[in-house]
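Colleague: Spelled out from the first residue to the last, the chains are:
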Amino acid sequence: MKALRFSRNLPRYAAARLAGSVVSGRGAGPGPLDLVDVDPPELPGPGWVRVRPRLAGICGSDLATVDGRSSRYFEPIVSFPFVPGHEVVGDLDDGRRVVVEPVLGCATRGIDPPCEWCARGDLGNCEHITLGRIEPGLQTGFCCDTGGGWSTLMVAHESQLHPVPDDMEDEAAVMVEPTACAVHAALRAGVPAGGTVAVLGAGTLGLLTVAALRRFAPSATILASARYPEQRNLAALLGADVVVEPTEWLRGVRRLTGSFAVGDGAIDRLTGGADVVIDCVGSAESLADAMAAVRPKGRVVVVGMPGPVTVDLTGLWHREIELVGAYAYGTEEVPDPDGGAPRRARTFDLAFELVRSADLGRLVSATYPLSRYRDAIEHAAAAGPRGAVKVAFDLRDEKERHRL
Amino acid sequence: MSSRRSPRPGFVLDVDRSTPPILFHHGEGFRLEKLPPGRSRVLYPAEPLPGIDDPEAAIHHALHHPEGESEPLPALLFPGMKLTIAFDDVSLPLPKMQRPDVRQRIIEQVLDLAAAAGVDDVHIIAALALHRRMTEDELRHAVGDRVYDAFAPRGLLYNHDAEDPDGMVVLGQTRHGEDVQMSRRAAESDLVVYVNINIVSMDGGHKSTATGLAGYTGVKVHHNPATMTKSRSFMDQTSSELHKSNWRQGEVIRDAGVKIFQIETTINNNTFGRTGPLAFLQKREWEWTARDRATFIGMQAGLKGLPAARRRQIFHSWEAPYELTSVQAGEVEAVHRVTTENVYRQHLVPVEGQTDVLTMGLPYIGPYNVNSIMNPILVACLGLGYFFNLYKGRPLVREGGVLIMSHPTPWEFHPVHHPSYIDFFEQVLADTTDPVEMEARYEKQYAEDEWYRHLYRTSYAYHGVHPFYMWYWCAHALEHLGRVIIVGGDVRATRRLGFSPASTLQDALEMATDVVGPQPTITHFHNPPILMADVT
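The listed protein sequences correspond, in order, to chains A and B.
Residues 1 to 404 (UniProt numbering) are what the first sequence spells out, left to right.
Residues 1 to 536 (UniProt numbering) are what the second sequence spells out, left to right.
Careful, some of the hints might be misleading.
What the hints assert, rightly or not - Label pairs and their calculated CB-CB ranges:
id : chain 1 : residue 1 : chain 2 : residue 2 : range
1  : A       : Glu127    : B       : Asp431    : 46 to 56 Å
2  : B       : Val170    : A       : Arg386    : 55 to 65 Å
3  : B       : Ala309    : A       : Ser21     : 54 to 64 Å
4  : A       : Arg386    : B       : Glu352    : 55 to 65 Å
Stated by the list, open to error - Negatives, chain A to chain B, calculated, CB over 10 Å:
id : residue
5  : Asp93
6  : Val244
7  : Glu245
8  : Tyr327
9  : Val334
10 : Arg401
These are calculated hints, taken from the structure and not from any lab test.
Idealized CB from N, CA, C, for every residue including glycine.
So that you can see chain A by itself, here it is in the shape it has in the complex (with noise of 0.2 Å):
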């Protein structure tokens, strides 16, 4: 069968590292990266079904191993050679439409009982992803024995599958995975009633957050931070109440909040600033952008994978700040607006919902086939400055999925 694979091979991962310095994306040229013909993976055991992906997203996390930017924190969680690709829908061999929760714990491993986690439904916490039937991997996507989205078949166990409505089409689908990180990461922000929150960056998934803090905390005041036109009015229409160049991030959450700042008309920090700043970007330069537009003993939260960083955190000691982070999914406590009692939830079917009511499928802008994965990577690295949002491979060609 066909599948992009990454293999471990130091080398071509500095050649990866060098190409993308150059241009974000270019790694999948020298990189690890290669177009293979492979045996389909084996199932690990009961439980475990086939999967041949329809569509498979391009994530900010895959543009990171592709160029060889990925923190070495994901050695011995990963496991090679590996197939990326864990933002999937795809058929079942009895038929139905899939999509899969990639994060692999303690139920896919055949751990039973499991761990504290994965037995109250967090599952990306799972304390034993090292461990179990199937080799180390944080996520179906990273993990030699499942396969992943980026090839023709792949394999995932049940309790990973989430049916895909007949109405729903691909496009929707594919984006429920990312809309459930950023559902995660909204809950996980814990933005209170009337508050403001500020979302750093506008990529896939910068967008994704503005939507579910508008679907999960209807009544706090939205700013996002975007880079391209085409981003600014997307955020717009994803709920964010104000848009802003990334060069006048502290300028606008100063606005918005009234705060006083540290500089004498240049802007240094915020005395004040928002109850929550969300980061999505994940770059030193971005956490601190965060703690210095985050109110005294406010939270921020990280969503973009934000690797090796040396950041200041001075102002995280002297102003009492919550720096949280927010991985994948599992189940939420979904406040009552009303002030009742929480509702717990898993993540992906909160996804679902927000996918269908905020009509996130629209922000699929290119579909590549595997064959142009160069292309579709560097399409994917250069998606702001060229007005997309999220780049997938295109595999429902029949020819191209029944070659195995």
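Fit chain B to the supplied structure of chain A, relying on the hints for placement.
Modeller: Chain B alone, transformed into the frame defined by chain A:
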């Protein structure tokens, strides 16, 4: 009076094939532009009027021989009284004048008279309304070291603080329901002596106290789109709603018992000197000597190699050798009538008929960027608010005509002086250029922003609402004009202002034909030094 020959009055030149390229100011630089012959004309300001030979004696005479129903100043001074001397801030004159500043000359004489009368409760206030505070250097330049050292260390010489909650008082309302607000110290004084420098006909009169010593409450009643749009030239008192509103406020101040002794001065057009490196700026191009041409070429070449900040520093260090052309004191309205005649004597240039296209070169300085950066909002204000309004009768350009301004219009702001301008540019102008809409949607937020308030009171920032006023200042021109084009400006900044960018004057003139048709008439406003077109 000087024994110099009578200066030549203002002049309107019809451009023909022999007309040399015309000088356009262009921020901290210049451009030489050929205007189309046969349909272009250039308005030149009058040469500087002769200055008063003995300013000290003239001031002394004015203080002792007041205009209108006022006693001489010495008769108004008595032991135990509260005396407040207020003076025009750093926005006047432009550029700053060589020492001694006329304010220093006057304040020293007033203080001498006060001391002679046994007055020992004296405050001296820079009447800056919502402008930025003056720095120590700027205050010293205006009032002189002697006055500064005697008063400032004891807290008796200071900048007006319109946001001091205990320092302001509302005196009442005009018959039009306009609030009248004033510095409490001034309002509670037995006498306010106001020291003016009248560089244009809008300055002085009741505006000095009604605006200069007011705050947002008092200023917003006339600094708004409705007033600005209704004003037909801010410089023509008979047609200016701004003027009328200030005069109504002046009546309330007077009726509240605030006694004002107004001292107004006029200065001549000797902005760049009769000799020296910038003297050619006061000459007509065909009268440039070989030395003038060499100076110009050398200056252009020298400036080209310098960074913008250095160019700014050089230009802002220029001190004009202005000369005093009149000084009059006494009752506000009577004084101002004489002052206005003296201003017009220097500035008025008779012009026949309107033009399709008005061109102007904007210099490096305006009222709100002294020792600072002329940001895009101030560029708009200088061109559309000030130069466009330097007319009497009818605007120089016809309704629906085109205004072409030359200025680099950098996307650059002085963060200390203009913090709210940055936000205004980023937020308000990105949303709307309609003065009425921005007033309704954004003005209050900016006017009441605590950070801006803090910076205005404790740093050197213009009040948060100030950029709105700068834009409102353009309201009349925006309504009147068909298009505004900036030559040589930052393209993005120009577009943010809602104007059209052009790389050359020729491009701009071509663009103008889209609005006014082919072969339009063109008038170039050769300013500064200042002129005021009397258009019939």
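Colleague: Give a verdict on every hint.
Modeller: Now for the hints, and whether the structure bears them out:
1. A:Glu127 x B:Asp431: 46 to 56 Å: holds (50 Å)
2. B:Val170 x A:Arg386: 55 to 65 Å: holds (58 Å)
3. B:Ala309 x A:Ser21: 54 to 64 Å: violated (34 Å)
4. A:Arg386 x B:Glu352: 55 to 65 Å: Distance hint for Arg386 (chain A), Glu352 (chain B) holds at roughly 57 Å.
5. Asp93: Nearest chain B Cβ is 54 Å from Asp93 (chain A), so the label holds.
6. Val244: At about 7 Å from chain B, Val244 (chain A) fails to clear the 10 Å cut-off, so the statement is violated.
7. Glu245: violated (8 Å)
8. Tyr327: holds (34 Å)
9. Val334: holds (34 Å)
10. Arg401: holds (48 Å)
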